[in-house]
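2 protein chains.
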Amino acid sequence: MSEKKKVTPLSELGEFGLIDRLTRDFILRNKSSLKGVGDDAALLDYRGKEMVVTTDLLVEGIHFNLVYTPLKHLGYKAVTVNLSDVYAMNATPRQVLVSVAVSGKFSLEAMEELYGGIRLACETYGVDLVGGDTTSSVTGLTLSVVAVGEAEKGKTVYRNTARLNDLICVSGNLGASYMGLQLLERERRLFEESSSGVQPDIAGHEYILSRQLKPEARRDIIESFRELGIVPHAMIDISDGLSSDLLHICRQSSQGCRIFQDRIPIDQETARAAREMNIEPFIAALNGGEDYELLFTLPLGMHDRVKAMKDVSMIGHITGAGTGYKFVTDQGAEMELQAQGWNALD
Amino acid sequence: MSEKKKVTPLSELGEFGLIDRLTRDFILRNKSSLKGVGDDAALLDYRGKEMVVTTDLLVEGIHFNLVYTPLKHLGYKAVTVNLSDVYAMNATPRQVLVSVAVSGKFSLEAMEELYGGIRLACETYGVDLVGGDTTSSVTGLTLSVVAVGEAEKGKTVYRNTARLNDLICVSGNLGASYMGLQLLERERRLFEESSSGVQPDIAGHEYILSRQLKPEARRDIIESFRELGIVPHAMIDISDGLSSDLLHICRQSSQGCRIFQDRIPIDQETARAAREMNIEPFIAALNGGEDYELLFTLPLGMHDRVKAMKDVSMIGHITGAGTGYKFVTDQGAEMELQAQGWNALD
Numbered sequence: 001m002s003e004k005k006k007v008t009p010l011s012e013l014g015e016f017g018l019i020d021r022l023t024r025d026f027i028l029r030n031k032s033s034l035k036g037v038g039d040d041a042a043l044l045d046y047r048g049k050e051m052v053v054t055t056d057l058l059v060e061g062i063h064f065n066l067v068y069t070p071l072k073h074l075g076y077k078a079v080t081v082n083l084s085d086v087y088a089m090n091a092t093p094r095q096v097l098v099s100v101a102v103s104g105k106f107s108l109e110a111m112e113e114l115y116g117g118i119r120l121a122c123e124t125y126g127v128d129l130v131g132g133d134t135t136s137s138v139t140g141l142t143l144s145v146v147a148v149g150e151a152e153k154g155k156t157v158y159r160n161t162a163r164l165n166d167l168i169c170v171s172g173n174l175g176a177s178y179m180g181l182q183l184l185e186r187e188r189r190l191f192e193e194s195s196s197g198v199q200p201d202i203a204g205h206e207y208i209l210s211r212q213l214k215p216e217a218r219r220d221i222i223e224s225f226r227e228l229g230i231v232p233h234a235m236i237d238i239s240d241g242l243s244s245d246l247l248h249i250c251r252q253s254s255q256g257c258r259i260f261q262d263r264i265p266i267d268q269e270t271a272r273a274a275r276e277m278n279i280e281p282f283i284a285a286l287n288g289g290e291d292y293e294l295l296f297t298l299p300l301g302m303h304d305r306v307k308a309m310k311d312v313s314m315i316g317h318i319t320g321a322g323t324g325y326k327f328v329t330d331q332g333a334e335m336e337l338q339a340q341g342w343n344a345l346d
Numbered sequence: 001m002s003e004k005k006k007v008t009p010l011s012e013l014g015e016f017g018l019i020d021r022l023t024r025d026f027i028l029r030n031k032s033s034l035k036g037v038g039d040d041a042a043l044l045d046y047r048g049k050e051m052v053v054t055t056d057l058l059v060e061g062i063h064f065n066l067v068y069t070p071l072k073h074l075g076y077k078a079v080t081v082n083l084s085d086v087y088a089m090n091a092t093p094r095q096v097l098v099s100v101a102v103s104g105k106f107s108l109e110a111m112e113e114l115y116g117g118i119r120l121a122c123e124t125y126g127v128d129l130v131g132g133d134t135t136s137s138v139t140g141l142t143l144s145v146v147a148v149g150e151a152e153k154g155k156t157v158y159r160n161t162a163r164l165n166d167l168i169c170v171s172g173n174l175g176a177s178y179m180g181l182q183l184l185e186r187e188r189r190l191f192e193e194s195s196s197g198v199q200p201d202i203a204g205h206e207y208i209l210s211r212q213l214k215p216e217a218r219r220d221i222i223e224s225f226r227e228l229g230i231v232p233h234a235m236i237d238i239s240d241g242l243s244s245d246l247l248h249i250c251r252q253s254s255q256g257c258r259i260f261q262d263r264i265p266i267d268q269e270t271a272r273a274a275r276e277m278n279i280e281p282f283i284a285a286l287n288g289g290e291d292y293e294l295l296f297t298l299p300l301g302m303h304d305r306v307k308a309m310k311d312v313s314m315i316g317h318i319t320g321a322g323t324g325y326k327f328v329t330d331q332g333a334e335m336e337l338q339a340q341g342w343n344a345l346d
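If you're matching them up, the sequences are chains A and B in order.
With this note's numbering as the guide, the letters of the first sequence map in order to residues 1 to 346.
With this note's numbering as the guide, the letters of the second sequence map in order to residues 1 to 346.
Mixed in with the good hints there might be a few duds.
Put simply, identical chains are the same to the list, so a pair is met inside one copy or across any two.
[Unchecked claim] With a straight-line Cα cutoff of 35 Å, these simulated DSBU-like cross-link-like pairs (lysine-lysine) come out:
#, residue 1, residue 2
1, K310, K35
2, K35, K326
3, K35, K307
4, K307, K153
To be clear, the hints were calculated from the coordinates, so they are not data collected in a lab.
The task is simple: from the sequences and hints, build the whole structure.
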């Protein structure tokens with residue numbers, strides 16, 4: 001009784017037909033987007049503002065597995081992870097450009113799903129799609145997203161400017177996305193090993209799955225900074241894991257750090273899933289990655305203002321150069337932080 | 001007696017080590033490049049100027065074949081084809097971001113070759129590398145390049161603004177890159193079919209090979225426009241072939257066109273290679289693609305100023321809507337132009 005889903009081979013449209021089709025429902029919202037899709041380049045006007053540009057490449061089989069990643073979520077995530085980089089500069093994203101390489105196995109309907117997710121992310125974050133490239137690939141799907149944003153002079157925040165005695169803060173909670181991925185991988189293996197097609201058991205894990213499949217970028221934190229008059233000393237978004245990204249800040253700033261296990265924010269669902277899979281929750285939080293939370297440092301004097309912010313935890317402080325990168329456990333033991341985060345080239 | 005070439009697996013460096021290594025010899029040349037590689041995003045200052053952004057994805061097996069494409073040339077080309085898009089807006093490129101996905105079969109030395117070409121292009125065109133992403137791929141090499149450039153308000157040139165009776169002009173000559181590709185493909189097949197390893201026969205074809213392997217972007221044309229006070233009505237860079245790209249201008253401008261075979265600029269070496277391979281030279285020029293020449297239209301009154309420009313041919317004129325897209329042969333026959341250019345999704 002089910003309606004047969006229409007499948008249109010991409011070869012029916014050609015490159016330009018496909019671009020037109022995929023981008024026709026996108027509208028330009030920002031004053032700075034003078035000209036979008038349809039010419040050699042997009043035209044933007046950032047007069048009076050500085051601008052930030054960032055780009056990320058997402059490769060099938062490396063960054064995502066289409067067995068359990070809905071294309072709409074993938075499109076959404078491809079945009080939000082780039083917006084997260086713009087927010088991590090204390091800037092506001094305004095435009096994205098999306099390039100897609102697809103093999104013949106994808107249909108127009110699949111591409112429309114993908115662009116549906118891209119459009120939803122553009123709407124949610126108020127950014128404009130203003131360009132990109134669509135091409136074929138020998139195998140699989142590759143996405144490249146560029147995000148452009150505006151910054152106020154003197155308000156951009158870098159990684160290499162943490163100062164001695166700064167508070168180290170993190171938004172939201174950590175390790176959820178990693179546990180979501182572990183769960184998806186476990187269910188994929190069970191499904192593949194079973195001859196009868198075991199149904200995935202994901203009830204009660206909705207939160208960690210959404211953190212993995214459809215992560216959000218922390219626009220709210222940047223907006224709170226503005227309202228509260230806060231400009232952090234240093235900031236990075238957590239894509240490779242708390243350890244790895246905190247080490248980026250410390251090393252680039254020539255500082256040490258000291259963070260505390262009991263301060264690391266971990267959601268109950270993350271902790272439960274971790275224990276189910278025999279993983280220490282704090283290990284998932286330190287090394288998991290793909291959290292897209294903001295990690296930032298600011299002067300001790302800002303303590304009260306940070307306390308007024310929703311969903312921010314103070315997890316430690318910046319120590320001097322040569323003092324090492326310390327993690328203090330609940331038992332008071334000191335461990336050295338290591339960058340065991342996800343390494344795309346391993 | 002030959003020195004053994006050092007080969008370093010990428011896994012020895014890790015992602016961040018690789019980025020550091022590949023980008024350490026790049027210096028920032030432009031005032032507008034406030035902050036480059038090494039943070040969440042690049043920081044640019046385009047105050048007082050409008051800016052253009054463009055991006056292209058280059059996929060191994062689709063856009064290039066490493067059997068006959070030296071990595072240094074590939075890096076150079078990946079940058080110049082994006083700069084060409086910026087020039088096609090009548091703008092000046094200032095920054096690029098380069099993302100690379102590589103499989104384990106590539107070594108550090110191979111990546112350094114690639115980045116050597118990227119660096120050479122940056123030096124030649126005075127642009128700064130300010131960011132990008134480096135990741136692994138399941139198979140092969142994918143390059144994504146973003147180019148950012150500055151434009152003067154009111155001086156940017158689009159595709160959809162050609163006017164009735166405009167002269168149609170093109171820089172340089174056409175079809176060379178396509179014939180270079182045909183030659184490389186022919187030699188590859190001969191090599192693969194022979195058991196004894198036939199040596200490639202490319203003597204006398206240096207020009208068409210360089211047009212395919214190491215194309216240049218027409219900065220000189222944009223500079224001449226400025227010197228001569230010319231702002232074209234419409235412009236595009238020829239990447240898909242003269243036919244296809246002229247049709248973009250005509251359709252987006254709601255105009256027709258009429259161009260003449262005897263006006264199409266074709267280099268002698270291109271014509272000779274075409275005849276050797278039983279291809280009509282004008283067909284290579286119309287449909288070849290990857291020329292990265294500028295195709296532009298301007299008012300008849302600019303005729304004398306265009307004549308003063310080096311390396312520009314007037315090939316026809318813009319006719320009214322509904323008059324069709326005409327190609328007039330040497331014999332005076334009229335043919336309809338068709339977009340038979342390279343279509344990445346076929």
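Checked hints:
Taking CA atoms no more than 35 Å apart as the test, K310 paired with K35 passes between copies only; the shortest distance there is 31 Å, against 37 Å inside one copy. With identical chains, the CA atoms of K35 and K326 are at most 35 Å apart between copies only, with a shortest distance of 30 Å across copies and 49 Å within one. In the homo-oligomer, the alpha carbons of K35 and K307 lie at most 35 Å apart only across protomers (31 Å), although the nearest pairing inside one protomer, at 42 Å, exceeds that limit. Taking the shortest alpha-carbon separations for K307 and K153, only the intra-copy value of 26 Å comes in at or below 35 Å, while the best inter-copy value is 46 Å.
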